[in-house]
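Trainee: Put together the whole structure using the sequences plus the hints.
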Amino acid sequence: KAGVTQTPRYLIKTRGQQVTLSCSPISGHRSVSWYQQTPGQGLQFLFEYFSETQRNKGNFPGRFSGRQFSNSRSEMNVSTLELGDSALYLCASSLEIDRANGYTFGSGTRLTVV
Amino acid sequence: QKEVEQDPGPLSVPEGAIVSLNCTYSNSAFQYFMWYRQYSRKGPELLMYTYSSGNKEDGRFTAQVDKSSKYISLFIRDSQPSDSATYLCAMSRRTSGSARQLTFGSGTQLTVLP
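So the sequences go chain by chain: A and B. Counting along the first sequence from 1, when you hit position 67 you're at 67 in the working numbering, and nothing is skipped either side. Counting along the second sequence from 1, when you hit position 41 you're at 41 in the working numbering, and nothing is skipped either side.
A portion of the hints provided could be inaccurate.
[Stated by the list, open to error] Just a sample of chain A residues kept apart from chain B, beta carbon distances all over 12 Å, derived: (1) 14; (2) 20; (3) 22; (4) 40; (5) 53; (6) 64; (7) 73; (8) 80; (9) 90.
[Said to hold, decoys possible] Far from chain A, some chain B residues (derived; all Cβ distances over 10 Å): (10) 15; (11) 16; (12) 68.
[Stated by the list, open to error] Quick list of in silico lysine to any residue cross-link-like pairs, SDA-like style, CA-CA up to 20 Å: (13) 70/B - 40/B; (14) 57/A - 27/B; (15) 42/B - 79/A; (16) 2/B - 65/A; (17) 42/B - 106/B; (18) 42/B - 26/A; (19) 57/A - 3/B; (20) 42/B - 40/A; (21) 2/B - 16/B; (22) 13/A - 88/A; (23) 42/B - 65/A; (24) 67/B - 50/B; (25) 42/B - 9/A; (26) 2/B - 73/B; (27) 57/A - 29/B; (28) 57/A - 24/B; (29) 42/B - 8/A; (30) 42/B - 41/A; (31) 67/B - 32/B; (32) 13/A - 77/A; (33) 42/B - 10/A; (34) 42/B - 44/A; (35) 13/A - 79/A; (36) 70/B - 59/B; (37) 67/B - 42/B; (38) 57/A - 94/B; (39) 2/B - 58/A; (40) 42/B - 57/A.
Because the hints were derived from the structure by calculation, they are not lab data. Even glycine gets a Cβ: it sits at the ideal position worked out from N, Cα and C.
Mentor: Structure below.
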């Protein structure tokens with residue numbers, strides 16, 4: 001059974017650019033969440049999608065956005081990149097959003113902004 | 001003050017030791033409690049999740065929840081060098097409708113010495 005797949009694994013971008021990250025959840029999982037992980041702040045919740053609808057959003061600026069497609073695949077976009085956006089971006093999928101079966105994480109996309 | 005507090009360590013123990021990892025929380029709305037293990041350059045991997053106060057055992061791992069004290073623990077018996085990783089506690093609460101959000105501790109870095 002394939003796990004959560006995130007692409008690309010590594011990215012280097014210049015300040016001011018924008019970036020799109022992709023996440024393919026486990027087959028059958030309809031909930032996809034995104035997290036930002038940094039050494040200083042740890043894992044912080046960005047947003048959650050379920051059946052193409054954003055159900056929840058964390059405390060991040062509007063430069064961070066996402067969407068989910070009909071096949072449950074999800075993308076997140078960061079516009080006008082800042083140096084502080086350098087982080088590991090993790091995607092997690094879950095079978096149902098109203099049950100704590102646990103979330104399965106991908107290996108993440110490591111974004112470096114220079 | 002963070003909603004979830006976790007001692008960042010680092011924690012170093014000899015092989016075979018019993019390891020105790022702990023988290024405290026302040027938000028009574030947390031309903032589900034999880035422990036994740038994260039190896040370097042990988043996404044977090046779900047180890048255990050619990051709902052009610054008490055103990056839950058799975059092999060060498062025991063998760064303990066005390067809702068009255070807002071305190072959770074993970075015990076690792078007969079620790080192995082392969083257990084060397086960062087351990088993250090996580091807690092889930094309902095935010096709106098059926099949406100849930102995970103809040104993570106900062107993680108404890110564990111090294112098991114052969």
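Trainee: Minimum C-beta separation from residue 16/B to chain A exceeding 10 Å: can you confirm that?
Mentor: holds, 29 Å
Trainee: Keeping to a limit of 20 Å between CA atoms, is the pair of residue 13/A and residue 79/A held or broken?
Mentor: holds, 11 Å
Trainee: Taking only the CA atoms, is the gap from residue 13/A to residue 88/A under or equal to 20 Å?
Mentor: holds, 14 Å
Trainee: Residue 70/B and residue 59/B: Cα distance at most 20 Å?
Mentor: violated, 25 Å
Trainee: Given the proposed pairing of residue 13/A with residue 77/A, does the C-alpha separation stay at or below 20 Å?
Mentor: Judged against 20 Å, a Cα distance of about 13 Å means the pair holds.
Trainee: Run the distance test for residue 57/A versus residue 27/B: straight-line Cα separation, threshold 20 Å.
Mentor: Cα-Cα ~18 Å, so holds.
Trainee: Below or equal to 20 Å on CA atoms is what counts here, so check residue 57/A against residue 3/B.
Mentor: Measuring from Cα to Cα gives roughly 17 Å; hence the hint holds.
Trainee: Would you assess whether residue 40/A, listed as outside the interface, keeps its beta-carbon beyond 12 Å of every beta-carbon in chain B?
Mentor: violated, 9 Å
Trainee: Any Cβ of chain B at or closer than 12 Å to residue 90/A, or is the non-interface label fine?
Mentor: Violated, since 5 Å does not exceed 12 Å.
Trainee: At 10 Å, judged by beta carbons, does residue 68/B keep clear of chain A as stated?
Mentor: holds, 20 Å
Trainee: Taking the closest pair, is the beta carbon of residue 15/B still more than 10 Å from chain A?
Mentor: Correct as stated: the minimum Cβ-Cβ distance to chain A is 27 Å, above 10 Å.
Trainee: Is residue 80/A truly not at the interface, in the sense that its beta carbon sits beyond 12 Å from all beta carbons of chain B?
Mentor: At about 26 Å from chain B, residue 80/A clears the 12 Å cut-off, so the statement holds.
Going through the hint list in order, the structure does not satisfy hints 4, 5, 9, 13, 15, 16, 21, 23, 28, 36, 37, 40.
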